[in-house]
Amino acid sequence: MFPMVLLVIALGGVGLSGIRDRTRTRTALMYAAKSGLGLLPPLLAMTAGVGLTMAAVPASVIAQLFHAHGAVGFFLLAGLGALLTIPAPMAYPLAGSLYHMGASLSALASFITTLTMVGILTSPMEIKAFGRRFTLIRQALSLLLALLIGALMGVLV
Amino acid sequence: MNPKVQNSLLIVAIILLLHLALWVPFPALAVRSLGQWFTGIGEVLVIVPSVLILIGLFDAWVPKEVVEQGLGPTSGLRGVLFALLLGTGAAGPLYAAFPIGLSLRAKGARTANLVIFLGAWATIKIPMLMMESAFLSTRFALLRLAMTLPGIIACGFLMEYLEPKPATALSPLACE
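Protein sequences, first through last, are from chains A and B. When we follow this note's numbering, the leftmost residue of the first sequence carries the number 1, and every step to the right adds one. When we follow this note's numbering, the leftmost residue of the second sequence carries the number 158, and every step to the right adds one.
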């Protein structure tokens with residue numbers, strides 16, 4: 001249902017854009033195709049990794065890991081998210097799989113937030129652009145924000 | 158052939174080989190794993206192309222030059238809104254925003270707006286909101302948005318308080 005709505009909106013946008021400006025629409029579609037092709041290898045590998053994990057480890061065991069060790073699961077996901085910065089089109093499917101495996105929404109909220117806002121592995125690029133102090137403060141504040149959002153999500157959901 | 162297509166085919170080949178190797182001792186596991194893989198690919202393929210098209214359209218219709226105006230020290234609330242709007246409208250992972258952030262700073266954007274721009278770029282994007290709704294739930298996506306939005310703005314002003322004097326801007330070419 002939802003994917004259909006999304007597709008209709010996207011196709012409607014392409015149609016509208018095509019009427020207004022053909023070249024610009026072509027650029028937009030080329031961009032989509034190019035970034036799609038770029039995303040394909042990591043997406044294939046990620047879905048295979050998730051698939052193998054789900055096939056090999058019973059869902060109940062994974063769920064237990066997230067439930068019995070709630071705080072551990074929470075900080076594990078937040079920490080993992082803080083280390084990596086992956087493009088959002090990959091972050092959401094991954095979070096969706098983790099949700100089906102039994103991760104709590106609260107842990108996933110902080111996971112997604114750190115995944116997109118905090119990137120320890122990509123921080124050299126940020127330091128190069130804005131300096132060490134700026135990078136350190138921004139990432140620390142973002143990490144705190146992510147943990148706060150996760151905790152609040154736990155209360156609200 | 159396009160190297161990205163080549164990479165994808167290579168990865169598919171590796172995954173299939175791994176499953177073949179797995180199939181010899183554990184046939185049931187290999188079959189189940191492949192099944193999960195196809196399901197996962199299917200879930201991604203029905204959503205991601207639409208999202209990428211929407212991002213492409215955003216990127217094509219919001220000119221980059223607009224991104225570099227109107228965020229100065231006296232921009233106030235309008236600057237904050239503008240920073241949010243710019244961040245949500247553009248495409249790419251966070252590190253793609255660094256060169257743009259640099260030129261914003263070089264053109265006199267205040268620290269709060271710069272941080273808000275980076276934060277919005279990272280986590281608030283309308284097409285991404287749809288994707289988040291699809292993979293988690295609409296309620297989850299909206300709740301997270303409702304918390305992230307004030308959080309990012311607070312981070313921006315806190316950051317400006319902690320580091321009021323902007324560091325000397327390096328050349329925008331430094332991180333390309």
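No wet-lab data here; the hints were simulated from the structure. Glycine included, every Cβ here is placed at the ideal spot set by N, Cα and C. Take the hints with a grain of salt, since some may be wrong.
What the hints assert, rightly or not - Where chain B lies over chain A, by a calculated footprint (3+ residues, C-beta under 8 Å): (1) 15-29; (2) 47-54; (3) 74-81; (4) 89-99; (5) 107-121; (6) 150-157.
As the list claims (entries may be wrong) - In silico DSS-like links for lysine-lysine, alpha-carbon gap of 30 Å or less: (7) B/Lys161 <-> A/Lys34; (8) A/Lys128 <-> B/Lys161; (9) B/Lys264 <-> A/Lys128; (10) A/Lys34 <-> A/Lys128.
Tested hints:
Using a Cβ-Cβ cut-off of 8 Å, 6 residues of the stretch 15-29 of chain A lie near chain B, which meets the minimum of three, so the contact claim holds. Only residues whose beta carbon comes within less than 8 Å of a beta carbon in chain B count, and the stretch 47-54 of chain A has 6; three or more means the coverage holds. Counting residues of the stretch 74-81 of chain A whose CB falls under 8 Å from any CB of chain B gives 0; the rule of at least 3 is not met. Against chain B, the stretch 89-99 of chain A contributes 7 residues with a C-beta closer than 8 Å to a partner C-beta. That satisfies the three-residue criterion, and the hint holds.
For the stretch 107-121 of chain A, the proposed coverage by chain B is satisfied: 7 residues have a C-beta within less than 8 Å of a C-beta in that chain, meeting the threshold of three. Counting residues of the stretch 150-157 of chain A whose C-beta lies closer than 8 Å to any C-beta of chain B gives 4; at least three are required, and the coverage claim holds. Using a Cα cut-off of 30 Å, the hinted pair B/Lys161 and A/Lys34 holds, with the two alpha carbons roughly 9 Å apart. At roughly 28 Å between alpha-carbon atoms, A/Lys128 and B/Lys161 fall within 30 Å of each other, so this suggested pair holds.
Using a Cα cut-off of 30 Å, the hinted pair B/Lys264 and A/Lys128 holds, with the two alpha carbons roughly 18 Å apart. Simply put, A/Lys34 and A/Lys128 have alpha-carbon atoms about 27 Å apart, close enough for the 30 Å limit, and the pair holds.
When held up to the earlier numbered hints, the structure conflicts with hint 3 and nothing else.
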